[in-house]
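S.K.: Sequence:
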Amino acid sequence: MAFVVVELRGAVAHFRAVDDSSRTYRTGATTLAQQLGIDPSDLPGRHYTCRVTSDEYGVTRSGFELA
Numbered sequence: 616m617a618f619v620v621v622e623l624r625g626a627v628a629h630f631r632a633v634d635d636s637s638r639t640y641r642t643g644a645t646t647l648a649q650q651l652g653i654d655p656s657d658l659p660g661r662h663y664t665c666r667v668t669s670d671e672y673g674v675t676r677s678g679f680e681l682a
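Residue numbers for the sequence shown, in my numbering: 616 to 682.
Treat the hints as calculated values from the structure; they're not laboratory data. Quantities reported herein were computed from a predicted structural model and do not represent experimental measurements. Just so it is clear, CB atoms sit at the ideal spot from N, CA and C, and this is done for glycine as well.
Just the calculated beta-carbon pair ranges, DEER-fashion:
hint, residue 1, residue 2, range
1, 654, 678, 19 to 25 Å
2, 637, 659, 17 to 23 Å
3, 671, 616, 18 to 24 Å
4, 671, 625, 27 to 33 Å
5, 623, 671, 26 to 32 Å
6, 645, 616, 18 to 24 Å
7, 643, 670, 18 to 24 Å
8, 624, 671, 25 to 31 Å
9, 631, 653, 17 to 23 Å
10, 634, 677, 16 to 22 Å
11, 659, 638, 17 to 23 Å
12, 622, 671, 27 to 33 Å
13, 669, 641, 14 to 20 Å
14, 637, 676, 17 to 23 Å
Starting from the given sequences, assemble the full structure and let the hints guide the process.
M.R.: Below, the structure written as structure tokens:
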């Protein structure tokens with residue numbers, strides 16, 4: 616699934632699915648940056664892909680790659 620980081624608010628990155636801008640999600644900016652291999656300050660506007668799997672914990676995202 617493809618996502619874009621729309622903004623940073625402190626230590627939190629806000630992102631949306633590229634094909635559905637109706638909902639914004641949040642995650643730790645440092646963690647997301649590490650998963651993508653970039654600096655947290657480079658996150659805003661960055662497009663990336665990852666696998667999204669529903670499981671007993673809710674939703675798990677894995678396999679992060681820059682788009």
